[in-house]
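**Student:** With the hints as extra help, turn the sequences into a complete structure.
Each protein sequence line maps, in turn, to chains S and P. Plus 11 on top of the position in the first sequence (first one is 1) and you've got our numbering. Plus 11 on top of the position in the second sequence (first one is 1) and you've got our numbering.
If you are wondering where the hints come from, they were derived from the structure by calculation, not from laboratory data. Every value quoted in this text rests on a predicted model; they were computed, and no experiment measured them. Hints are supplied without guarantee of correctness; some may be wrong.
Just so you know, same-sequence chains aren't split out, so a pair can sit in one copy or run between any two.
What the hints assert, rightly or not - In silico lysine-lysine, BS3-like type, Cα no more than 25 Å apart, as pairs:
| no. | residue 1 | residue 2 |
| --- | --- | --- |
| 1 | LYS352 | LYS445 |
| 2 | LYS17 | LYS57 |
| 3 | LYS311 | LYS173 |
Protein chains: 2
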Amino acid sequence: MQVEYKLLEASHIRQLQTIVGEQYVFLDAESLEHYAHDETENLHFKPEVVVKPRTPEEVSAIFKMCNQHKIPVTPRGAGTGLSGGALAFRGGVVLSTERMNQILEIDQRNLQVTTEPGVITEVLMNEVKAVGLFYPPDPSSRGSCFIGGNIAENSGGPKAVKYGVVKDYVLNLEVVLPDGSIIWTGANVLKNATGYNLTQLMVGSEGTLGIVTKIVLRLIPLPKYDLLMLVPFRKLEEAGEAVSEIFRAGFVPSALELVEIDALQIVSKMVDSSVVPVTPDTAAHLIIEVDGNDTEVLMKEMEAIGSLLTRYDIGEIYFADDAQQKTELWKLRRRVAEAVKLKGYTIEEDTVVPRAELPSLIRGVKALGKKHAFEVVCYGHAGDGNLHVRIHKEGTPNSYGDEAMALILRELFELVHSLGGTISGEHGIGLIQKGFMPVVAQPAALELMRGIKRTFDPNLILNPGKIFDL
Amino acid sequence: MQVEYKLLEASHIRQLQTIVGEQYVFLDAESLEHYAHDETENLHFKPEVVVKPRTPEEVSAIFKMCNQHKIPVTPRGAGTGLSGGALAFRGGVVLSTERMNQILEIDQRNLQVTTEPGVITEVLMNEVKAVGLFYPPDPSSRGSCFIGGNIAENSGGPKAVKYGVVKDYVLNLEVVLPDGSIIWTGANVLKNATGYNLTQLMVGSEGTLGIVTKIVLRLIPLPKYDLLMLVPFRKLEEAGEAVSEIFRAGFVPSALELVEIDALQIVSKMVDSSVVPVTPDTAAHLIIEVDGNDTEVLMKEMEAIGSLLTRYDIGEIYFADDAQQKTELWKLRRRVAEAVKLKGYTIEEDTVVPRAELPSLIRGVKALGKKHAFEVVCYGHAGDGNLHVRIHKEGTPNSYGDEAMALILRELFELVHSLGGTISGEHGIGLIQKGFMPVVAQPAALELMRGIKRTFDPNLILNPGKIFDL
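**Tutor:** This is how it looks when you write it as C-alpha cells:
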C-alpha cells in the first residue's frame with residue numbers, strides 16, 4: 012500500500028514558525044541539503060522543511076498539525092545513522108532534536124541520569140564519569156551521535172559484550188506520540204512487571220512509533236581500571252574461533268573487537284598512526300580489554316587470556332601500556348568505518364550471529380566476495396557475534412535501489428539466518444535493509460509489527476518507509 | 012466493554028481430545044478444582060476444561076478452535092503466580108504447559124540454552140550449572156515454578172540486583188499466536204536491532220498476547236565463589252538507607268535482600284530453624300551476598316561493606332561460613348512468603364521504587380498500616396528497590412473485589428508512584444492489580460497497550476480480564 016501524503020503549504024510553515032519560533036524553521040537550500048544526508052552509504056532525500064523544537068510541548072504541537080494534515084515527519088538526532096533512519100524518504104518535515112540537549116539530572120542516590128535526546132553520547136558519558144558513574148553503551152560515533160538516536164537504534168558499541176546495549180540501560184522514556192499525546196512509558200525503577208513493556212518497544216523502533224523527549228537511564232559504578240591488548244592472528248578464521256574460546260574458558264572481557272588487517276591498514280594511514288605494529292603476515296587483530304577494580308586480578312586475567320590464545324597461530328601480543336596508547340588504539344578502532352568508507356567501501360552490513368558461528372560467517376562472506384567480485388573487509392564487535400561487513404564494488408556506491416547488490420545481500424542474510432543470526436545487531440533496519448526483513452521475520456511476525464505501527468501511528472505520518480512497508 | 016464468550020460444547024471437547032489425546036483433556040471435578048487456584052491470595056476461578064498439549068502444533072490447533080468459537084484460553088505454567096495470571100477468570104480452557112517440559116539444547120559453544128516452557132526453573136539452573144554455566148534469575152519459587160511462567164511475568168529474584176531479571180536473558184522465543192500462527196520473535200543473538208522487539212514485548216505480557224513454546228536464553232560463566240552475610244539493623248528505615256549507600260560506595264552485591272524481623276520470626280518457627288541469631292532489639296536484617304572468581308577479592312569486598320555499615324545502628328554481623336549455613340539462610344529467605352501467608356498475611360503487594368526511596372516507602376507503608384488498622388510485614392529485593400508488602404487485615408483474605416482494601420491499596424500505589432516507582436516489580440498485574448493501572452499508566456499509554464492486545468489477539472480469547480479491561 013502506497014500511503015498518500017500532503018505537501019506542506021505556506022500555512023503549515025507559518026504554523027510551525029508559530030510553534031517553535033521563526034528562527035528554528037529552516038527552508039533554505041543549504042539546510043535542506045545538509046539534512047538530506049546521514050552516514051548511510053551515499054543516500055540523499057531532501058525534506059521540505061527542517062524544524063528544531065525545544066520542548067515536548069512544541070513537538071506535540073508539530074505532531075498534531077502533521078497528523079491532522081497527513082504530513083510525514085522524520086525524527087533526526089545527529090544524523091550519524093547507518094541505515095537511513097533519519098532520512099526524509101517521503102519528504103515532509105525533518106524534526107531535529109538538536110535543541111533538546113540538556114542533561115536534566117544526575118541522580119547519584121539512585122545511580123540514574125535523566126537527559127534530553129539531543130545530548131551527545133560522549134558528553135553524557137563524561138558527565139556521569141565525573142561523579143564516578145558509568146554509562147557503558149558507546150557506539151563508534153559516540154563523539155558526535157545523540158543519545159536519543161542511540162535509543163531509536165538500540166545502539167551497541169565495544170562495551171556491549173560485558174555491559175549490554177542501550178536497551179539494558181533504559182528505565183523510562185517520555186515519548187510524544189503521533190497524535191500529540193505525551194506519555195511516560197514506565198517508571199524509574201530497575202524492575203518492572205507493570206503491563207506491556209512500552210519502554211523496550213520504543214527502544215530500537217527507529218523513530219517510527221513516537222519521539223523520545225526525555226530519557227531515564229540506569230548507571231553503574233565506574234570500574235577503576237582497564238587493561239588493553241592487541242593480538243595479531245595469521246588466520247582470520249582463527250581470530251573468529253578464539254573469540255568464543257575466550258568466553259567458554261569463563262572470561263568476560265569488557266571489549267572484544269576484531270579488525271581485519273586491510274581495514275586497520277587503511278585507518279592507520281588515514282590517521283597517520285604507527286601505534287599498531289602491523290607485520291606482513293597478520294590477517295586480523297583481536298582487541299581485548301578487561302576492566303574491574305583490582306589491577307592484580309586484571310593482570311592475571313590478561314595473562315590467562317594471552318596464554319589461552321597461544322594455541323592459535325598468533326604473532327606477538329601488544330599491550331597498550333599507558334592511557335595515551337589506549338586512547339590511540341581505541342581511536343584507530345573507532346575510525347575504521349569512516350576510513351574504509353572514504354576508501355570506497357561504502358556499503359556496510361551489520362550482521363550478527365551466535366558468537367561461535369563467527370568463523371562460518373567470515374568464511375561465507377569471503378566466499379561471497381569471490382563469487383560476486385567485490386572487495387570486502389570485516390571488523391566489529393566479535394565478542395557479541397556482531398560483524399560489520401564493508402563492501403566495495405566498482406560502480407555500486409549504494410546498496411539501496413541496486414538490484415544486483417540486493418541479490419548479493421540476500422545471499423549474505425540467508426547465510427546469517429541459517430547460522431541463527433539476523434540482519435542488524437546495532438544499526439537498525441531503516442531504509443536500506445527493509446527489503447530483507449522477510450529473510451528473518453516470518454509473515455505473521457511482520458504483520459504484528461505492522462499492527463503495532465498502526466496502533467501507535469494510525470495516520471502513518473512518522474518516519475514513513477522505514478523498517479517495513481505498510 | 013464486556014466481551015461475550017462462548018461456553019464449551021461437547022463437540023469442542025471432542026476436538027480437544029482429538030488434538031492432544033483423550034488422556035490429556037481433564038473435565039473431572041478434582042482437576043478443575045486444582046486448576047482453579049494459583050498462589051494468589053485465596054482466589055478461585057474454575058475453568059471448564061484443562062488441556063495439556065505436548066507440541067506447538069497442538070497448541071496451535073487448540074488456539075485455532077478457540078479463536079474460531081470465541082472460547083477463552085488461559086495459559087498456565089506451574090501455578091505459582093502471585094497476581095492471578097493463571098486463573099481462568101472467564102472460564103473456558105486452561106492450557107497447561109506441564110507436558111512441554113524438555114530442555115532441548117545446552118549450547119556450550121554459544122553459552123545458550125533452548126528449552127520448553129514447562130521446565131522447572133531450578134532444574135534448568137542446575138542443568139546448566141553442571142556444565143559451568145549460570146542462568147541467574149531465581150524467583151523464590153524456583154523449586155516449583157516453570158521457566159515459561161517466568162517469561163510471562165518477567166520474574167526477578169535475589170540475583171537480579173547484579174545480574175538482571177528474566178528479560179535480560181531472553182534472546183528468542185517461539186510463540187503461538189491466538190490465530191494459531193507459530194512465529195519466532197527474534198534470533199539467537201546477543202544484539203538485535205532488526206525491527207520492533209517482539210521478544211521483549213512478549214516477556215512480561217502475562218500470557219495475554221501469545222503462548223511461549225520454546226525459549227532461547229543466554230547464559231553466563233558461573234562465578235566460582237560467593238560469600239554471604241546477615242546484618243541485623245535496629246531500625247528498619249536505616250536498613251533501607253544502607254541499601255543505597257552500598258551501591259553509592261561502588262559495590263555491586265550479587266544479592267541484597269531485606270527481611271523485616273516479624274517475617275523472619277514467622278518463617279524461622281515454620282521451618283524450625285535456629286540458623287539465624289535473632290536478638291530482641293533487631294528490626295530487620297539485610298542479607299548480603301557477593302560473588303566472583305577470586306575469594307580474596309570477595310573477602311575484601313565483604314569486609315569493606317561490613318565496615319561501611321558500622322555507621323548505622325547494627326548488631327553483630329553473622330557470616331554464613333559453609334555451604335550448609337548458606338543453604339539454610341537462603342531457604343529461610345525463600346520461604347518467607349509462604350510462611351507469612353499461612354500466618355494470615357494473604358495480601359501481597361510487589362511495590363518497586365528507585366532504590367534510595369526505600370526508607371520513604373517503608374515509612375509510608377507503616378503509616379498506612381496504622382491509619383487503616385492492618386498488620387504489615389515487609390521483605391524483598393531491597394537492592395532493586397523491590398519491596399514485598401504483606402498485609403494482614405482481619406476479615407479481608409483477598410484484596411480482589413474488596414472495596415475498602417482497594418482504597419488502601421490505591422493510597423499505597425499513589426505513594427509508590429510519587430516516589431518514582433510502580434505497582435509491580437516482578438509479580439505482574441494479572442487480575443488483582445489491574446484496577447490500579449491508571450495510577451501509574453496514563454490513559455494514552457493504556458490505550459497503546461489495548462491496541463497491542465488487539466493486534467495480537469483480535470478476538471480477545473487469550474487470558475481475558477488480565478492487566479487491563481478492554
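**Student:** With reference to the structure, classify each hint as holding or not holding.
**Tutor:** Now for the hints, and whether the structure bears them out:
Taking identical chains as interchangeable, the C-alpha atoms of LYS352 and LYS445 lie at most 25 Å apart only when both belong to the same chain, with a minimum of 22 Å there against 53 Å between chains. Proximity of LYS17 to LYS57 under the C-alpha cut-off of 25 Å is restricted to the intra-copy arrangement: shortest distance 15 Å within a copy versus 55 Å between copies. Taking identical chains as interchangeable, the C-alpha atoms of LYS311 and LYS173 lie at most 25 Å apart whether they share a chain (18 Å) or sit on different chains (23 Å).
Hint check: no violations occur; every hint is consistent with the structure.
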